[in-house]
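Chains as they are written, first to last, in my numbering: chain A, 1 to 479; chain B, 480 to 753.
Check before you lean on any hint, since a few could be wrong.
To be verified - Here are some chain A residues pointing at chain B (derived, C-beta under 10 Å):
no.	residue
1	Leu25
2	Ser168
3	Leu211
4	Ser217
5	Arg218
Keep in mind that the hints were calculated from the coordinates and are not lab data.
Since this is a predicted model, take the numbers as computed values, not measurements.
For every residue, glycine included, the Cβ atom is placed at its ideal position computed from N, Cα and C.
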Amino acid sequence: MSSERQMVPRIGVDQWVATAEERRLRTLGVRLDEAVARVPFALRLLGIALPVALYPVLVDSEYLLQVGIDTLVFVLLGLGLNVAVGWVGLLDLGYVAFFGLGAYLYAAVASEYAGRHWDALVAVPAVVAAVAVIGFLLGLPSRRLAGDYLAIVTLFFLQIFLVVLINSGFTRGPNGISNVLPLEVLGRQAVSLEAYFYITLAACVVVATALYLVNHSRTGRAWRALREDELAAELMTMPTNRLKLLGFAFGAGVAGLAGALYAPQQGAVFPANFDLVLLITVYAMVVLGGAGNLFGVAVGAVIVTGSLEALRSPADASWLFYGALTVTLLAVLRPWWKAPALLAATVVFGLAVHEAVEAARPSLVAGTPVGQAWIDGLVDGWVLLPENIVTGDGLPSGALGRLAYLALVASVLALTLVRSSRWRLVGLVPVLYLAASVWESLLLPQPAVARYILIGAMLVALMAFRPQGLFGRPRVEIV
Amino acid sequence: MERPGANGGVGERRPLLEVRSLSLSFGGLACLSDLDLEVYEGEIVSVIGPNGAGKTSLFNVISGVYRPDAGDILFRGESIVGLDPHEVARRGICRTFQTLRLFLNMSVKENVMAAAYGHTKAGVLRSVLRTPGMRREEREIERLAEERLGFFGQRLIGYRMRQPAYSLSYANRRRLEIARATAAKPTLLLLDEPAAGMNPVETQEMTELIGRLRGEGGYTILVIEHDMHVVEGISDRVVALDHGVKIAEGSFEEVATHPAVVEAYLGTTGVERT
Chain A
1 MSSERQMVPR IGVDQWVATA EERRLRTLGV RLDEAVARVP FALRLLGIAL PVALYPVLVD
61 SEYLLQVGID TLVFVLLGLG LNVAVGWVGL LDLGYVAFFG LGAYLYAAVA SEYAGRHWDA
121 LVAVPAVVAA VAVIGFLLGL PSRRLAGDYL AIVTLFFLQI FLVVLINSGF TRGPNGISNV
181 LPLEVLGRQA VSLEAYFYIT LAACVVVATA LYLVNHSRTG RAWRALREDE LAAELMTMPT
241 NRLKLLGFAF GAGVAGLAGA LYAPQQGAVF PANFDLVLLI TVYAMVVLGG AGNLFGVAVG
301 AVIVTGSLEA LRSPADASWL FYGALTVTLL AVLRPWWKAP ALLAATVVFG LAVHEAVEAA
361 RPSLVAGTPV GQAWIDGLVD GWVLLPENIV TGDGLPSGAL GRLAYLALVA SVLALTLVRS
421 SRWRLVGLVP VLYLAASVWE SLLLPQPAVA RYILIGAMLV ALMAFRPQGL FGRPRVEIV
Chain B
480 MERPGANGGV GERRPLLEVR SLSLSFGGLA CLSDLDLEVY EGEIVSVIGP NGAGKTSLFN
540 VISGVYRPDA GDILFRGESI VGLDPHEVAR RGICRTFQTL RLFLNMSVKE NVMAAAYGHT
600 KAGVLRSVLR TPGMRREERE IERLAEERLG FFGQRLIGYR MRQPAYSLSY ANRRRLEIAR
660 ATAAKPTLLL LDEPAAGMNP VETQEMTELI GRLRGEGGYT ILVIEHDMHV VEGISDRVVA
720 LDHGVKIAEG SFEEVATHPA VVEAYLGTTG VERT
């Protein structure tokens, strides 16, 4: 039996297999990947942190410095959430409660209200440890929960946390605690924005390093293994329940640290700072940057905070809108010439519509753009911009705006139903034009709403063509 | 490879694994009933039986995934019933899966390194501080992984170690599962259909490999296999199950010709028709 088997030629051992490595290295992406991987982590981190450290020197406005600090706090939050979501694979929807806990606990040991002012060298580690322990305790009853159930329990925890904050007199209810004292190290107080910028940056560097080291240890491998296949991990000697708790506590501790740095910088803590919107924002960062990748998560935090801030001012908002639209089209449409062709067609289409409407109903295009960017002036002669969107054109109050909105949503949905890719492309022309019109006349005057709609649209577009996020590795699940 | 507690097996007659009147049922459906099984140190025992006979359920009970309704399982004389699966694995029973369960998005090497969790110690703090002891341990884990992967010749080493597990071919995934299980340093290996889905050459290779696992690795092996050539080639003893009951036990020839086994595989009418 075995002698006749040995006569069979050995399958799979041939020229092609022998040269596999050589051919693999011929791809530029692979070579780049390997080159980056060869650079030590410390050097890579330094290469990012040093330019960032120049930021306070380069900007001269307090506002921009504040945005920088907020961004770094978000980077910290993203790094912590990445432990639970990216590595251990737990859908933790109570995450920002730990951020809030950190901030409130700092207020409890360093505020005029509490009548104490602990040294930061004691206060911050104590807060981090306390929040990590609370995270651990919260994890205890939910450690056997997986997926959706864990999400519900943790979301419930966040809601309880908020309700307690708002209703208890001890935390001063919705008014929050307003006299939180600054970080004080050995008698020296951190008061300037620069100081907080560097402290937060240092915290980011320390946390990123610690997380990198943990990820490249048996604990990190076990975390990722249990995300891949919990049962297999358990059967390969890994105590999955304990590991999940550890990951949960680790993420909570990082969030607590972010809170302990955020509270003294703001000088006050309010329940409204830790709501669902914040949770969604932090998730957006992790998803956008690529869950599981430290660098990606940091980039995601910068992009999301940056865009949210830019969208606040009408001067920059339009740049982001038109820029994101163009980049998305260029990235999604293949071959490359389709996107420019589409944009050109949209411009021509818009000019024609604008001419026609101007002749028929001049009031529909008589408005002046709210945006102050150069591009807003440019599109003024192109989009439909009613003189007064609220009481517009003889319709009942507000009807025109609602109609435009409805038309946009309906046309986007209708577009997804079109089977033929050619007609879908053709249909995209009026939809893009409508989107630009809605943007100029409806969204731009209401930046608070527009910000989140736009971030949401960005995420949807990203998920469509890069579901693993900007820097994430695509996950493969084949049986 | 070191030989974890191997001492030839045949001389010493105390079973490494003892399964005593084990019963398991799911909502009234008896999966295993009153099953007895012994595996001696250094042995290769094959478990055969038609689909649904309870072979994989037996593995699941031994490795702690299911808790039996009745009966006991002794490993080195101690009961392991009721232990969490990771504790069973730490005591020296590690397994592979019939339906492959690799950590697909981790690299080949990391798959093997992850399984060293049970016999390594460095905690989170030591990992962050990168203490000398932790670094030594990490080097040992890496060396262990390379050595375990090297057991399969050139197939899993070199550039392949850095590739994600999902990039491997089916046969290589089966090999990686075995490498991963051995990285946990078990005494007893449970192999669930190691040759399933392999071509004849690969099957032949797997047969030799299981022999080498005992010879060079020193593992005691309990294996579920459908391919009778493999079973014949490797087994010291064969146990046949049907409907959760042991219907025959003995050498390959004894079991293969046992009327109850023939009946279980072919049915009674099949025999009578001749």
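Hints versus structure:
Below 10 Å, beta-carbon pairs count as interface contacts, and Leu25(A) has one with chain B at about 9 Å; its hint therefore holds. Violation of the interface hint for Ser168(A) is found here, the shortest Cβ-Cβ separation to chain B being roughly 34 Å, above the 10 Å cut-off. Satisfaction of the interface hint for Leu211(A) is found here, the shortest Cβ-Cβ separation to chain B being roughly 9 Å, below the 10 Å cut-off. About 3 Å separates the beta-carbon of Ser217(A) from the nearest beta-carbon of chain B, less than 10 Å, and the hint is met.
For the restraint placing Arg218(A) at the interface with chain B, the shortest Cβ-Cβ distance is roughly 5 Å, inside the 10 Å limit, so the hint holds.
Hint compliance for this structure: hint 2 is the single one not met.
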